[in-house]
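Trainee: The lines below spell out each chain.
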Amino acid sequence: MAYDKLLTRNLGKPNSATLDAYQASGGYQGLRRVFKEFTPEKFVEEVKASGLRGRGGAGFPAGVKWGFLPKGLEVPRYLCVNADESEPGTFKDRLLIEQDPHLVLEGIIASAWAIGCHTAFFYIRGEFHKGARIFQKAIEEAYAKGLLGRNILGSGFDLDLIVYRGAGAYICGEETALLESLEGKRGLPRIKPPFPAVVGLYGCPTIINNVETLANVTLIAERGAAWFAAIGRPKNTGPKLFCVSGHVARPGVYEAPLGIPMKELIEMAGGMMRPDRPLKAVVPGGSSMKILPAAKCDVLMDFDSLAAAGTSLGSAGMFVMDSGTCMVDALWNVCRFYAHESCGQCTPCREGTGWFVKILKRLERGDGVPDDVELLDNVASRVEGNTICPFGEAVAWPVQSYVKEFRDEFQEHVTRRGCPLAAAAAR
Amino acid sequence: MPVKGMPVRRPQTPGLLSTTYLPSIFKGMWITLRHIFRPKVTMQYPEEKWTLPDNYRGLPVLVKDDDGRTKCVACFLCEYVCPPKAITIQAREITTGVEKGPRTFDINMLRCIMCGYCEEVCPEQAIFLSKTYNLVGVSREQMIFDKEKLLEMGGVRHDPIRKWGRLLDPVGAARAAAPASEAGR
Amino acid sequence: MPDPTPPLPPAGPDEVALLIDDRPVVVRKGTTVLRAAEAAGLLIPHYCYHPGLSIAGNCRMCLIEIDKVPKLQIGCATAATQGMVVRTATPRVKTAREGIMEFLLINHPLDCPICDQAGECRLQQYEAAYGAGTSRFTDEKVHWPKRYDIGRSVVFDAERCIKCTRCIRFCDEISKSRELALFQRGDHAIIGTFPGKPLDNPYSGNTVDVCPVGALTWKPFRFKARVWFLRDVPSACAGCARGCNVNLGTYRNRVHRMTPRANLEVNRYWMCDAGRQSYAALTEQPRFERPLARPATDASEPIPWDEAVERAAALLREAVAAGADGVAAIVSARLSLEDLHVTQRALQAIGIGRVAVAPHEEGQDDHLLLRRDKTPNARGAALVGLGAPNAGRVKEILEDVSSGRVRGLLVVGEDPIGDGLIPASDLRRLPALVAIDWWKSPTVEAAGVALPACGYGEWEGTLVNFEGRAQRCRAALKPQGETEPVWRILAALARPFGFGAEYASASAVFDEAAAGIPALAGMSYRSLGTGGAKLKGA
Chain C
1 MAYDKLLTRN LGKPNSATLD AYQASGGYQG LRRVFKEFTP EKFVEEVKAS GLRGRGGAGF
61 PAGVKWGFLP KGLEVPRYLC VNADESEPGT FKDRLLIEQD PHLVLEGIIA SAWAIGCHTA
121 FFYIRGEFHK GARIFQKAIE EAYAKGLLGR NILGSGFDLD LIVYRGAGAY ICGEETALLE
181 SLEGKRGLPR IKPPFPAVVG LYGCPTIINN VETLANVTLI AERGAAWFAA IGRPKNTGPK
241 LFCVSGHVAR PGVYEAPLGI PMKELIEMAG GMMRPDRPLK AVVPGGSSMK ILPAAKCDVL
301 MDFDSLAAAG TSLGSAGMFV MDSGTCMVDA LWNVCRFYAH ESCGQCTPCR EGTGWFVKIL
361 KRLERGDGVP DDVELLDNVA SRVEGNTICP FGEAVAWPVQ SYVKEFRDEF QEHVTRRGCP
421 LAAAAAR
Chain W
428 MPVKGMPVRR PQTPGLLSTT YLPSIFKGMW ITLRHIFRPK VTMQYPEEKW TLPDNYRGLP
488 VLVKDDDGRT KCVACFLCEY VCPPKAITIQ AREITTGVEK GPRTFDINML RCIMCGYCEE
548 VCPEQAIFLS KTYNLVGVSR EQMIFDKEKL LEMGGVRHDP IRKWGRLLDP VGAARAAAPA
608 SEAGR
Chain U
613 MPDPTPPLPP AGPDEVALLI DDRPVVVRKG TTVLRAAEAA GLLIPHYCYH PGLSIAGNCR
673 MCLIEIDKVP KLQIGCATAA TQGMVVRTAT PRVKTAREGI MEFLLINHPL DCPICDQAGE
733 CRLQQYEAAY GAGTSRFTDE KVHWPKRYDI GRSVVFDAER CIKCTRCIRF CDEISKSREL
793 ALFQRGDHAI IGTFPGKPLD NPYSGNTVDV CPVGALTWKP FRFKARVWFL RDVPSACAGC
853 ARGCNVNLGT YRNRVHRMTP RANLEVNRYW MCDAGRQSYA ALTEQPRFER PLARPATDAS
913 EPIPWDEAVE RAAALLREAV AAGADGVAAI VSARLSLEDL HVTQRALQAI GIGRVAVAPH
973 EEGQDDHLLL RRDKTPNARG AALVGLGAPN AGRVKEILED VSSGRVRGLL VVGEDPIGDG
1033 LIPASDLRRL PALVAIDWWK SPTVEAAGVA LPACGYGEWE GTLVNFEGRA QRCRAALKPQ
1093 GETEPVWRIL AALARPFGFG AEYASASAVF DEAAAGIPAL AGMSYRSLGT GGAKLKGA
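So the sequences go chain by chain: C, W and U. For the first sequence, the residue numbers in my numbering are 1 to 427. For the second sequence, the residue numbers in my numbering are 428 to 612. For the third sequence, the residue numbers in my numbering are 613 to 1150.
The shape of chain C in the complex, shown without the other chains:
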């Protein structure tokens, strides 16, 4: 299928992160068009019409989210860009920030204008030193050229953009924890409601959007909603960056329209890493999403198709596992991450994540008891849905799905008193 790259169009070009290179390839024309042809309200409608769904994980329509801002309040509105990309298996935002920051910046300016925000924050993950430096430089270039600051491009619109570097906590990717962190507090999720669109940063209405979402806004600004909506599948429109990792020949970020078959994506990444080891399972949306065994992998990579398959597109951090992968070990690894990153605020997640790790360690080391498999599933069911933020689900879903799809393998760890795959590898 012929498909012109859109989000990654400037990648690999020399000096792609500079304003000059970006403008040379037609950059900031979209923003000019928006200022000229739209009013903010109309642009919100345009984004709604494009069907753009949030690329951060939940897949909530971006235009609809913008519409939740309360009207007629005499308080500032804020736009926070969630560049705290920390979901294991996800590295698409980092690519955009480091290679094409102005594509994101253009989307930020257009979005801020649309929602009436004059101060926007770019919350970038602490580990992204390079990204933060590049983006800061892009902002300085934009200020110098009148693309940020007072009266942007003569439109009368003012916008300040502030880069805020997090300290590398996974939980700060959760929008309310991000706001707490941005306010200078410990990054603990807030109780919802109220939602950030009503009471957000410093108590003011706040919109939080993912980097890739905002890059897509640039595309809509350039070519309009109808063009955008024609890409992909109905209700799952637009281009998407897929992060393919694991046992594939060429792991990396691949751009494709939403709705591309998963198998095709694996082929794009060069197929399986080792021909003698067939596909065993795929996690399609980052470590917190449910796993699909190979038999269920004939799915389309979009929000609704994956939801129908019992999992989710999440942040499109897709990891591919071949037959040499021990599922207990894989889940142990995932749970170690979540136990380390649980913020410790609410009980089920704080205590449950640690417990998962202890059980899985036992299983993998051969000290499991038959009840452990059931215990994992049951503890997960008591974590799921009972926490303040979606972190509870982010750990409960993998546990539940790994156990459900690979129960025999878990049982085998108990009966054989250890990992059969590790034993085979040792032989």
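Some clues are possibly wrong.
The following residues of chain U were derived to be distant from chain C, with all beta-carbon distances above 12 Å [to be verified]:
| hint | residue |
| --- | --- |
| 1 | R902 |
| 2 | K1007 |
| 3 | A1104 |
| 4 | A1131 |
| 5 | G1134 |
Heads up, simulated DSSO-like pairs for lysine-lysine below, C-alpha to C-alpha not over 27 Å straight-line [as the list claims (entries may be wrong)]:
| hint | chain 1 | residue 1 | chain 2 | residue 2 |
| --- | --- | --- | --- | --- |
| 6 | W | K590 | U | K753 |
| 7 | W | K574 | U | K831 |
| 8 | C | K192 | U | K641 |
| 9 | U | K706 | C | K192 |
| 10 | U | K831 | W | K590 |
| 11 | U | K706 | C | K404 |
| 12 | U | K1052 | U | K986 |
| 13 | C | K185 | U | K641 |
| 14 | U | K836 | W | K491 |
| 15 | C | K192 | U | K788 |
| 16 | U | K680 | U | K641 |
| 17 | W | K512 | U | K836 |
| 18 | W | K527 | U | K753 |
| 19 | W | K476 | W | K454 |
| 20 | C | K36 | C | K71 |
| 21 | C | K235 | U | K683 |
| 22 | C | K48 | C | K13 |
| 23 | C | K145 | C | K13 |
| 24 | W | K590 | U | K836 |
| 25 | U | K1148 | U | K986 |
| 26 | C | K192 | U | K1146 |
| 27 | U | K641 | C | K71 |
| 28 | W | K576 | U | K836 |
| 29 | W | K527 | U | K836 |
| 30 | W | K476 | W | K576 |
| 31 | C | K361 | W | K590 |
| 32 | W | K574 | W | K590 |
| 33 | W | K574 | U | K836 |
| 34 | C | K361 | U | K753 |
| 35 | C | K185 | U | K788 |
| 36 | U | K683 | C | K404 |
| 37 | U | K831 | W | K527 |
| 38 | C | K71 | C | K5 |
| 39 | C | K192 | U | K683 |
| 40 | U | K1090 | W | K512 |
Since the hints were derived computationally from the structure, they do not count as laboratory data. Everything numeric in this text was worked out from a predicted model, so none of it was measured. Idealized CB from N, CA, C, for every residue including glycine.
Mind docking chains W and U on chain C? Use the hints.
Mentor: For chains W and U alone, kept in the frame of chain C given last:
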């Protein structure tokens, strides 16, 4: 209202032989005579002593563990449960190991009814009913047994479960005081 | 057959009506489901929620089911809305609660035998009520330091902590001293202080009260008594003019702790550390138990009450006879309203016209509870006609004592020598010095006749706080030795001077005072209850 009587039947008048009482006397003599030839059952206490059953409930005593630590942590459950209120405890703070222990632990043995509730309620396996039953003293004060006396009576009692093991072992205690690490994971 | 849903009661304009477990409730708009359930007489179990603190929603114990809402919601943070149907005991809710209890206990050391909280511990209570009773956790628990001095008077056991953050919120929101914070993450999260900033605010004891488990314990109370032995006597603190409502926890005729008793109009849920420890004086200061007389020799000797009263009366009679100007009284505003009322009447009967009430001030009024005025009953002294505390008048009297103008002095509950207002030798020279106090103060030792009074916790009486609120102090202890309440001592002392009134109890004294003082009109011990009442016109 007239009261109606009820006739009572008396035994018949005894016969001539019975009135001499001789049959009864001989009957009694016969019983006594018979016992002379039976084995003796009287125990010559205190020269001889009874072998007590395992579940005998004598005076309550306190015990120490294998390391010589007083096992009682002064939780006051025995004082609370004691039906005749024979137990009086005062707690104190200890700076090493288990942080709490008894300053004083008195059992008024005059009050104690050896019911065994204290042993049953003890979460630390620190108080047991001994097989001691000869309780003597010359004053009421002497009958109030203090901690030292109770521990002396109880001695050391082996317990395979070291409930406070981590706190009692200096290495474990030091590790517990170390900052959070991934070691526990 | 499902029960027919009961109809919703009508709700006013600012109210909402809802059903909680089929019980209709009407509450003010904005009330949380947890509070609404309380109003309906239902307990939704909770750890992190505290009525005096902000909502944290982190313990997840108060999960409840709301019709038409897919996920379980937390009762503490969910606002009641019109027509809401809440269920607090469905199988889903029960499973969730059981799960929370299990989670809270997997890393809990279960060291109840050595834990001071045992008996009033939420973990114990809720495990019994909502827990599974067993644990499926067989791994090694997370270990933390136990018995860690987190502040002047508070000991922290990190293993017992359930991270409800009540203590943190107290320090952030109420004491505003912000010493505590949550450190680390996940199951290694721990409450702690910042380096070099221990938990030393004047209200640190409240963190112990709000702690639902045994993580924070109060050093002076540690291991003193198991809480199930304590008898809580509702009373008011006499440490300053605030008059915080308290419970005196007594066991074996001794106060072992003082804890705040909720009264939204006085102290809300809190009290200061100084007040919390104020009971200790009763056992720490040398107690004065039997009447003393100092005849010709310098050493005081115990004598029987009747003789002591006679001799005191004789001393005063002589002094008054020598000229009413030469006799004065210094009265304490730490006494109860009953004491002060009888003192006022007795002084009139004896013929002592010169009276001063001594002030005690220290520090400053603060943002929360502490008052500069350390006398708990200054308003009461003014009310009965003794006048407000006045340092100048006390000073005048003592100057006249030193100069010899005053020959007879009655000191009730004050210690001018100990307070450094007059040298002991000047008071010792007085021909007639009668002192009434509960402890062996230097003034008592200098007195010609000293009469022992009941101490705080032993007497029954009323205090009027700085806002004009009359509050009862209840007797929690048997009086030690031969001590008597001040009102009874003064009534006895004044009887030879023709004082005729007889009182059966402090309550009778209060009734007499209430009949004579307009601000107290209509009040009685019964009407004061446990929360007290504002004076008329206050």
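Trainee: So, for every hint listed, does it hold in this structure?
Mentor: Hints, verified against the model:
1. With a least beta-carbon separation of about 58 Å from chain C, U/R902 lies farther than 12 Å from that chain, consistent with its non-interface assignment.
2. The claim that U/K1007 is not at the interface with chain C holds, since no C-beta of that chain comes within 12 Å of its own (minimum 54 Å).
3. Taking the minimum C-beta to C-beta distance to chain C, about 62 Å, the non-interface status of U/A1104 holds against the 12 Å cut.
4. Its beta-carbon lying about 46 Å from the closest one in chain C, U/A1131 satisfies the requirement of being farther than 12 Å from that chain.
5. With a least CB separation of 47 Å from chain C, U/G1134 remains clear of the 12 Å interface cut-off, as annotated.
6. For a cut-off of 27 Å, the pair hint linking W/K590 to U/K753 stands: about 14 Å separates their Cα positions.
7. Annotation: proposed proximity of W/K574 to U/K831 holds, straight-line Cα distance about 25 Å (limit 27 Å).
8. Distance check on the hinted pair: C/K192 and U/K641 sit about 19 Å apart at the alpha-carbon level, within 27 Å; holds.
9. The straight-line distance between the Cα atoms of U/K706 and C/K192 is roughly 23 Å, inside the 27 Å bound, and the hint therefore holds.
10. With a C-alpha separation of about 25 Å, the suggested pairing of U/K831 with W/K590 holds against the 27 Å cut-off.
11. Using a Cα cut-off of 27 Å, the hinted pair U/K706 and C/K404 holds, with the two alpha carbons roughly 25 Å apart.
12. Between U/K1052 and U/K986 the alpha-carbon distance is near 21 Å, which keeps this suggested pair within the 27 Å criterion.
13. A C-alpha spacing of about 31 Å is found between C/K185 and U/K641, which places the hinted pair above 27 Å, so the restraint is violated.
14. With a CA separation close to 23 Å, the supplied pair U/K836 and W/K491 stays within the 27 Å bound.
15. Restraint check for C/K192 and U/K788: the C-alpha separation of about 26 Å stays at or below 27 Å, so the hint holds.
16. With a C-alpha separation of about 20 Å, the suggested pairing of U/K680 with U/K641 holds against the 27 Å cut-off.
17. Proposed proximity of W/K512 and U/K836 is supported: the alpha carbons are some 19 Å apart, at most 27 Å.
18. Distance restraint check for W/K527 and U/K753: the Cα-Cα separation of roughly 21 Å lies within the 27 Å cut-off, and the hinted pair is therefore satisfied.
19. For the given pair, W/K476 sits about 35 Å from W/K454 by alpha-carbon distance, which is inconsistent with the 27 Å threshold.
20. Taken as a hint, the C/K36 and C/K71 pair is honoured in the structure, with Cα atoms around 24 Å apart against an allowance of 27 Å.
21. Our distance criterion of 27 Å between C-alpha atoms is met by C/K235 and U/K683, whose separation comes to about 26 Å.
22. For the given pair, C/K48 sits about 32 Å from C/K13 by alpha-carbon distance, which is inconsistent with the 27 Å threshold.
23. Pair hint C/K145 plus C/K13 holds up; C-alpha atoms about 22 Å apart against a cutoff of 27 Å.
24. A C-alpha spacing of about 24 Å is found between W/K590 and U/K836, which places the hinted pair at or below 27 Å, so the restraint holds.
25. For the hint pairing U/K1148 with U/K986, the CA-to-CA distance comes to about 24 Å; that is within 27 Å, so the pair holds.
26. Between C/K192 and U/K1146 the CA atoms are separated by roughly 42 Å; this puts the pair beyond 27 Å, and the hint is violated.
27. Using a Cα cut-off of 27 Å, the hinted pair U/K641 and C/K71 holds, with the two alpha carbons roughly 23 Å apart.
28. Restraint check for W/K576 and U/K836: the C-alpha separation of about 23 Å stays at or below 27 Å, so the hint holds.
29. Pair hint W/K527 plus U/K836 holds up; C-alpha atoms about 11 Å apart against a cutoff of 27 Å.
30. Only pairs whose Cα atoms come within 27 Å are accepted, and W/K476 paired with W/K576 is accepted, the gap being roughly 23 Å.
31. For the hint pairing C/K361 with W/K590, the CA-to-CA distance comes to about 25 Å; that is within 27 Å, so the pair holds.
32. For the given pair, W/K574 sits about 22 Å from W/K590 by alpha-carbon distance, which is consistent with the 27 Å threshold.
33. With a C-alpha separation of about 18 Å, the suggested pairing of W/K574 with U/K836 holds against the 27 Å cut-off.
34. Restraint check: the Cα-Cα separation between C/K361 and U/K753 comes to about 14 Å, which is no more than 27 Å; the hinted pair holds.
35. For the proposed pair C/K185 and U/K788, the alpha carbon gap of about 16 Å is at most 27 Å, so the pair holds.
36. Restraint check: the Cα-Cα separation between U/K683 and C/K404 comes to about 22 Å, which is no more than 27 Å; the hinted pair holds.
37. Among the hinted pairs, U/K831 with W/K527 is consistent with the structure: their alpha-carbon atoms are about 13 Å apart, no more than 27 Å.
38. Restraint check for C/K71 and C/K5: the C-alpha separation of about 37 Å exceeds 27 Å, so the hint is violated.
39. Distance check on the hinted pair: C/K192 and U/K683 sit about 13 Å apart at the alpha-carbon level, within 27 Å; holds.
40. Distance hint between U/K1090 and W/K512 is fulfilled; the C-alpha atoms sit about 21 Å from each other, no more than 27 Å.
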